[in-house]
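**Student:** Chain by chain, the residues run as shown.
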Amino acid sequence: MSFKPWTLIFLFPLLLTACGGGDDRPVINFAAALLPAERAPYMEVLKDFEQETGIEVRLVAQQYEQIRSSIEAEAKADHGRLDLVELDLYQLPLLKDAMQPLGGLIENEEELEAKTPADAWAVTTFGDPPALLYLPHRLNWQALIYDAEKIAAPPETWNDLLAIAQAHPGALGYKLSRYEGLVCDVFPILWQAGGDPLQPGGPGAIEAVEFMLQLSKAFNPAVRSYKEQTILDAQQLREIVLHPNWPFAVAQLRGKGMLPGPMQTAPLPAGPAGRATVLGGGYLGVPATAPRPIEAGQLLDYLTSGPTQRRLVEKLGWFPIREEGWEAFSEEDRTLYAGFLAMREHVRARPNVAAYAEISQVWQEGIHAILFDDEVPAAALARMQAEIDALVAGQ
Amino acid sequence: MNGFPTLSARRAPRGWLISALGLALLLIVNTLPPLLVVRQALTPPDEAVQMPLRLLPESFSLQNLTSLWTTEPLLDRVTLSLGVALATTLLALVMGFPAGWAAVRLARAGRTIASLSLISRVLPPIVIAIPLTAILIPLGLYDHPLGLGLVLAHLTIGLPFAVLLAYAAFRDLPPELEESAIVNGCGTFEAFWRVALPSVRGAVAGAFILVFLLSWDEFAYALLIQLTNRTLPPLIYYYTNYGELGVASTLAVMMLVPAVLVIAFLQGLMTRGPLAGGVRDT
Amino acid sequence: MNHREPTTPGRLIDPTRPFSTNYWTQRRLVFLLAAAPAVGYLLLQFWPLGRALGSALTDEAGDWTTAHLTRVWGDRLFVRSLGYSLLVPVVSVGLEAVVGLGMALWFYELRRGRFFWRTVAIVPFALPEIVYLLTMKLVFRQNGYLNSALWHGGGADWTVGWLEPGRPLMTLVVILVDAWRVTPIVFLIVLTALEQLPVSYVEAARIDGAGPWQIRARVLVPLVLPALLVALALRAVDAFRIFATPLVLVGVEAMPVLTSVAYHYKASANDVPAANIAALTLALGLLVMSLTAWALVWAGRRFRA
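Chains as they are written, first to last, in our numbering: chain A, 1 to 395; chain B, 396 to 677; chain C, 678 to 982.
Careful: at least some of the hints might be erroneous.
Computed footprint of chain A on chain B; a stretch qualifies when at least three of its residues, placed anywhere within it, have a C-beta under 8 Å from a C-beta of chain A [unchecked claim]:
(1) 419-425
(2) 528-535
(3) 637-643
25 Å max Cα-Cα, derived DMTMM-like pairs, lysine to aspartate or glutamate [to be verified]:
(4) C/Lys814 x B/Glu571
(5) A/Lys76 x C/Glu841
(6) A/Lys315 x A/Glu327
(7) A/Lys217 x C/Glu737
(8) A/Lys47 x B/Glu467
(9) A/Lys227 x A/Glu239
(10) A/Lys256 x B/Asp471
(11) A/Lys96 x C/Glu841
(12) A/Lys315 x A/Asp301
(13) A/Lys217 x A/Glu375
(14) A/Lys150 x C/Glu841
(15) A/Lys47 x B/Asp471
(16) A/Lys256 x B/Glu453
(17) A/Lys115 x A/Glu345
(18) C/Lys814 x C/Glu841
Label pairs and their calculated CB-CB ranges [unchecked claim]:
(19) C/Leu763 x A/Gly257: 19 to 29 Å
(20) B/Phe455 x C/Arg789: 52 to 62 Å
(21) B/Pro439 x C/Thr969: 45 to 55 Å
(22) C/Phe723 x A/Asp128: 42 to 52 Å
(23) A/Gly257 x B/Leu450: 19 to 29 Å
(24) C/Thr969 x A/Phe372: 16 to 26 Å
(25) C/Thr796 x B/Leu572: 26 to 36 Å
(26) C/Leu846 x B/Leu450: 21 to 31 Å
(27) C/Ala894 x A/Gly257: 54 to 64 Å
Hints listed in this document are in silico derivations from the structure and should not be mistaken for laboratory results. Ideal Cβ positions, reconstructed from N, Cα and C, are used throughout, including at glycine.
Start from the sequences, fold in the hints, and give me the full structure.
**Tutor:** Given below as structure tokens:
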């Protein structure tokens, strides 16, 4: 076969790849867990950084689990391309060995420590001597999303919630899939009963579990499969009348014109020991294998600075890491996130212990056994207590 | 051809009507959904959520495309998909066709190798992808920006096809062709390159289309091996999962274009162009 | 294969006979060429499988353990996936057999526009899998086109939860979508077999007074049965490996199958030993199914004889 000009068409993609890297600017890769709708406004915020510093930021939007996979893979290969990553709060202890200390890379460490809530700051430092490995990027917590057309007034107490459960059988939703989201729904109930996640055999725990068993009679059959997105879908389809969820739910519902509207937010109902909700959030870290840690540090300073945090609060409705950031929270957002704002004083962090991931697993399996496999609560909780004691002792 | 069979002496008009209805149903069921994807891609996002949906949207808009273009480095994704597909195809052909030719020469051993290819075809991607990732990570091939790890993974799918196709094609080749070449002074390799290979041009083109499309459409390996720079199929899944169906549909339409082009292009070459006559008549 | 004497001695390789010892160098080269793919398979498929086995049976310290096995086999998600993984091939292949055979018999008599209709029939298979699944998701989702059509017909009450988790309808729809994608293959194989039959068989039966249905049942179907059985055997093995369809349409939790559960363990929990166990269970099942399929093919050949 002689050479035919049309074969050049197959070289086209190779040419494209070659042309791609023409810039001389330093480029950093930043992996963050942004929803598709959040990316455009976030990239505008990044553009200002690029103009100020001349560093190009390549944003990679993925889920937290995928970012974690990438970091673990890069750590094993001892070579990576990600310069800055965002992780979920519960992943911070798991990946601490793959991150590098931020001390020399950032400038506003003391300022941030002073202005960030203590619970949120406590998870950023690891090791002996303590090294700062993460900076908070955004905070969030859960509140109740409820269907205002079906429920006249949101539940203020556990009794109200029980009344709603009885009035709407099959329409209660909780994220009870076997994953971290389950403990995010269960721990607030535990705290509302005065319990402690490290003491499943303690007083508040049995109360909380009994309460959940009563609620479970009104659970939607699909609760075993619910996660953040699927439970929100169910709420939009009016299959459930209320459920706890994170702030992203408000943004999505607003995009569909349902909030404000048929859907509203409310604080989680108060139990015998008061109100409580669970702290979550996105934290930024620099992997040990980052090719450009210094530039990553500059981006870190930028993203956690006061002005940028205000812009993120304005544009994306994120909850700020600094107290002063709340001033930038627009009036519109205050109405939208009313339920969340009402819980600001009642946010509690999950146990900050080394064996947390395993402890979370114990709770996930235990709750499933009690709610779905009909295990006797007292026996299940005693078993869980033994397992957690062993984990805490062994770390 | 055999001629048309007639199962009954007369054509019952009632049977004809049922047949026509059935064909119409087949047409709708098979061609309407892909057209709905195009419709979804062109629907503005706020209209896409209002039930009940209509067959045609009230207004056409390219909003999905623009929002996709601004938030996703599309050129990188498409280039990766194309590059991986082409690299896989070239490697599979380069390795597979000489192997198929050699397998024919080796009689019994050759049949074993052809059977091995069949067995490889049975193993599902997801089973292999998980331990394969563990192997690729230390080599730095996991989540590679140019998709090199993915090319290796796709080879496990494409190579068996190339080998089997080559084996079948070369086996049908009359030995006289190469023999006369050798009589006229060619070495073995020249006989392969100048005589045997051009005689199976049709199979080469067929294998090219097949392996290219297998790699272009491949989902399971791509989902597990590429995280940062992704090919189009996992990207469509990502957007579908987040409920961004308009954007997913736009990507789907983009996926179809090269597939159709490749098929049409090489089909044309096979029947009319330089590759015509490469297909042996059965 | 033709067997002849080589016509000229010397540098000649006889293409029709296995090598004789006079041509060692060329033989080695040819052997290497043929073995190259085998090495490829070994490195990229069988070695990873071996490592998967190792990862499933050893703990982090490297000692043998059955802890992973007990953990996975006690997980309800995994147990459910076993049920679904077995259900899908059974129902799917049954559907494909009936529909594929029916369509082939129907197309057999088509006189005009054969090429066009054949192209229409294979569209679901010709589309990339993810695109096909996206189209089906657009059609069957709660706020999708099918429910919209029903809504236009009779109002919102007519809509159905086609993909609602926890209902048998969901399982049926998912299996239908998967089966429909592959029915064109069965259809093409059977149709090709039908077209290779000499028309004289049909003519002879018709002249003997058989009606159209009798011809189909007594002449056509038995003659294409071997080809159909081969196609179905291959399809059963493929159906057992189903991955993308339930994942894209309803998600892992709603309809778990071994493949998507393996993916879920790896992607969501990074539990590699569990993922490997799910994957190996699938491989074992495939081995069993392949042997059964091979046995069916062998039986089909005997049946024809």
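**Student:** If a hint holds in the structure, say so; if it doesn't, say that too.
**Tutor:** Tested hints:
A stretch counts as covered by a chain when three or more of its residues have a beta carbon under 8 Å from one of that chain; for the region 419-425 of chain B and chain A the count is 0, and the coverage is violated. Judged by the Cβ-Cβ criterion of 8 Å, the region 528-535 of chain B is covered by chain A as claimed, because 5 of its residues qualify and three suffice. For the region 637-643 of chain B, the stated coverage by chain A holds: 4 residues have a C-beta nearer than 8 Å to a C-beta of that chain, and at least 3 were required. Using a Cα cut-off of 25 Å, the hinted pair C/Lys814 and B/Glu571 is violated, with the two alpha carbons roughly 55 Å apart.
For a cut-off of 25 Å, the pair hint linking A/Lys76 to C/Glu841 is broken: about 41 Å separates their Cα positions. Distance restraint check for A/Lys315 and A/Glu327: the Cα-Cα separation of roughly 13 Å lies within the 25 Å cut-off, and the hinted pair is therefore satisfied. For the hint pairing A/Lys217 with C/Glu737, the CA-to-CA distance comes to about 41 Å; that exceeds 25 Å, so the pair is violated. A threshold of 25 Å between alpha carbons decides the hint, and for A/Lys47 with B/Glu467 the separation of about 15 Å falls inside it, so the pair holds.
Restraint check: the Cα-Cα separation between A/Lys227 and A/Glu239 comes to about 15 Å, which is no more than 25 Å; the hinted pair holds. For the given pair, A/Lys256 sits about 31 Å from B/Asp471 by alpha-carbon distance, which is inconsistent with the 25 Å threshold. Between A/Lys96 and C/Glu841, the direct Cα distance comes to roughly 40 Å. Violation of the 25 Å bound is thereby established for this hinted pair. Between A/Lys315 and A/Asp301, the direct Cα distance comes to roughly 19 Å. Compliance with the 25 Å bound is thereby established for this hinted pair.
Taking the CA atoms of A/Lys217 and A/Glu375, the gap is about 15 Å. The hint holds against a cut of 25 Å. Our distance criterion of 25 Å between C-alpha atoms is met by A/Lys150 and C/Glu841, whose separation comes to about 22 Å. A threshold of 25 Å between alpha carbons decides the hint, and for A/Lys47 with B/Asp471 the separation of about 20 Å falls inside it, so the pair holds. Taking the CA atoms of A/Lys256 and B/Glu453, the gap is near 18 Å; set against the 25 Å cutoff, the hint holds.
Straight-line distance between C-alpha atoms of A/Lys115 and A/Glu345 comes to about 15 Å, which keeps the hinted pair within the 25 Å bound. Taking the CA atoms of C/Lys814 and C/Glu841, the gap is about 12 Å. The hint holds against a cut of 25 Å. For C/Leu763 and A/Gly257, the Cβ-Cβ distance of about 44 Å falls outside the hinted range of 19 to 29 Å, so the restraint is violated. Checked against the hint of 52 to 62 Å, the C-beta distance between B/Phe455 and C/Arg789 comes to roughly 36 Å, which is inconsistent with it.
A beta carbon spacing of about 52 Å between B/Pro439 and C/Thr969 agrees with the range 45 to 55 Å that was offered as a hint. Roughly 46 Å separates the CB atoms of C/Phe723 and A/Asp128, a value that falls within the hinted 42 to 52 Å. The supplied range of 19 to 29 Å is met by A/Gly257 and B/Leu450, whose beta-carbon atoms lie about 23 Å from each other. Between C/Thr969 and A/Phe372, the C-beta spacing of about 35 Å breaks the proposed range 16 to 26 Å.
A hinted range of 26 to 36 Å for the beta carbons of C/Thr796 and B/Leu572 is consistent with their spacing of about 34 Å. Against the hinted window of 21 to 31 Å, the Cβ-Cβ separation of C/Leu846 and B/Leu450 comes to about 25 Å, which satisfies the hint. Take C/Ala894 and A/Gly257: their Cβ atoms lie about 58 Å apart, and the range 54 to 64 Å holds.
Hints 1, 4, 5, 7, 10, 11, 19, 20 and 24, counting from the list given before, are not met by this structure.
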